[in-house]
Amino acid sequence: MKVKVKQWNGVASWLWVANDENCGICRMSFNGCCPDCKVPGDDCPLVWGQCSHCFHMHCILKWLNSQQVQQQCPMCRQEWKFKE
Amino acid sequence: MAHQTTPSSQKALMMELKSLQEQPVEGFRITLVEESDLYNWEVAIFGPPNTLYEGGYFKAHIKFPIDYPYSPPTFRFLTKMWHPNIYENGDVCISILHPPVDDPQSGELPSERWNPTQNVRTILLSVISLLNEPNTFSPANVDASVMFRKWRDSKGKDKEYAEIIRKQVLSTAAEAERDGVKVPTTLAEYCVQTRVPSQDSSSDLLYDDLYDDDMEEEDDDEDESEMESGGEASTTGGSGTSTRRYDNQDDSGNEDS
Chain A
1 MKVKVKQWNG VASWLWVAND ENCGICRMSF NGCCPDCKVP GDDCPLVWGQ CSHCFHMHCI
61 LKWLNSQQVQ QQCPMCRQEW KFKE
Chain B
1 MAHQTTPSSQ KALMMELKSL QEQPVEGFRI TLVEESDLYN WEVAIFGPPN TLYEGGYFKA
61 HIKFPIDYPY SPPTFRFLTK MWHPNIYENG DVCISILHPP VDDPQSGELP SERWNPTQNV
121 RTILLSVISL LNEPNTFSPA NVDASVMFRK WRDSKGKDKE YAEIIRKQVL STAAEAERDG
181 VKVPTTLAEY CVQTRVPSQD SSSDLLYDDL YDDDMEEEDD DEDESEMESG GEASTTGGSG
241 TSTRRYDNQD DSGNEDS
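Chains as they are written, first to last, in the working numbering: chain A, 1 to 84; chain B, 1 to 257.
Looking at chain B on its own, in the form it has when it is part of the complex (with noise of 0.2 Å):
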């Protein structure tokens, strides 16, 4: 252990940077800033549909600590945004993406703070779920806060804040443009096929020992209802389902006679 060169978080960060381009998370594309650079994550947030955000193209950069994943990264915007929760320089203030310390100021329960569980798609989901759902409890842009609020609280008749994000978001199409990217703007669009991955034969090897046991029982049962059913056709003496039931009448008929 003394002697290991490559740090731990290379290989999460690997992992993890597979699987996000193979399964990706909707809305999201990832690629590395520099390609030796398994530390820094370039972003590209495209804007959900049916949202203010809708057909924006946002850009991230996440940065890993050695440490990963016992500590957070951090995740701030390089394009401007208008927000209560993303402080002026773009860095993002989400409680997932701040170490569990004892800081009874922040209001932030320890058990909402960042954990070795937490990773890239659960951040990633995070900040796309507070674009649209801005946490005003602790707002790290006072004005926009005030803005969203007023916003919000008038229906939207209060249009500062929208008119705002409006022209954010139609200023960040000369960037798509320059990355030759289209940005989706219906949902369907916007909500990518993600491929199933294919089931290596080895963990289904290791299923089927795991469940043997419980697989018999089960097909012990099914044996015992054939039977049965087997037993019933016999004294009907019918092979086909009408035939059944026309015994099954004429039982009935005995009966009554």
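Isolated chain A, as found in the complex (with noise of 0.2 Å):
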């Protein structure tokens, strides 16, 4: 029998590799987007810490933009810098 293949779509699946499930800051899945985003993925991605700490972009942002004092790290109030 010989099998001719006319059309295939291939399927992929992606997911974040974090040391959490859900951001701290807004509780949602890393693997969803945060509450202001309506698509997962690029547009939505993901942060780390030179602490290790992974948040949403958009939720550490956020926060970061709030702290009138020095940055810190939600999680461990270490300060906060971004990892290269």
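Since the hints were made in silico from the structure, they are not lab data. Do not take every clue at face value.
Calculated Cβ distances over 10 Å to all of chain A for the following chain B residues [stated by the list, open to error]:
1) E42
2) Y70
3) E189
Computed cross-link-like contacts, SDA-like style, restricted to lysine to any residue with a CA-CA straight-line distance of at most 20 Å [to be verified]:
4) A:K62 x B:S9
5) B:K11 x A:S29
6) A:K62 x B:T6
7) B:K80 x B:H61
8) B:K11 x A:V39
9) A:K62 x A:N22
10) A:K38 x B:H61
11) B:K11 x A:P40
12) A:K62 x B:Q10
13) B:K18 x A:S29
14) A:K81 x B:T117
15) B:K11 x A:G32
16) A:K62 x B:P99
17) B:K11 x A:K81
18) A:K62 x B:T117
19) B:K80 x B:P99
For glycine and all other residues, C-beta sits at the position ideal for the given N, C-alpha and C.
Make one complex out of these two single chains by using the hints.
Printed below as a string of structure tokens:
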């Protein structure tokens, strides 16, 4: 029997590899998006601090921008520095 | 983002409420003041057994700001409380409910203040531990604080503080009856059995994927050790442990001779 493939659809799944399931700020899943976004993925990325804690980028920026004093990681309260 | 109508705080509050009703914090019961308003919660607190507050039934309201969890909620007792860290109007004074503004007068470090990873669960735990362990360094009720220190420093001989609290506790019985609530007075009743949330299968799959490699490695190790012991067993020729032991004894005998 010979099979001729006329058409095929590739399907892929992806997930963020983070050390937790949910964002500690908005409490939404890392594989979903922050509450202000509609679509998960590159438009609502995760970012890591040098302390190794991870958040939705939008969530941590919102928090850092609201801080008048020293900017700290909300988890461990170390000074927040983005991991390169 | 600009067209957004439901604030993100709504999602966060909905999730927290659900989690607290499914897995409550010991001694707390949470409801909404009005079904339609997620930003106003009513909390019923049972006094912890073996403390001055045993048998007490206290009510409080938690009010959330629209930008929660970026700003803290307020926690206000409706029941009259005589406590060093509770204001006359019922407002609770704990550092984690204060936004981290730079205020050297407060004596609170920014690191002890509110941040968005705090949640209602951590607030409730702070409140319940505050009841029996007041912080006398920044009292909200100075008279209560002085009285508490006298009671504590006299190791309970100066009974004024304890008596006021017991009186307040007893006066909450009417409210409990009105709500049809039986206040737990033993530790067994107080400590609720929390149900372990059922792991949904999708997250299981995720873990399987992540840890597959490690698992295989471990399997390999086990295989090897099984092989070794298998080899050993075959040399001694025994199938049961007793036979093997017998054979070993025999071997040692051979060596001796």
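Q: Compare the structure with the hints numbered earlier in the document and write down the numbers of the violated ones, lowest to highest.
A: Those not satisfied are hints 2, 10, 17, 19.
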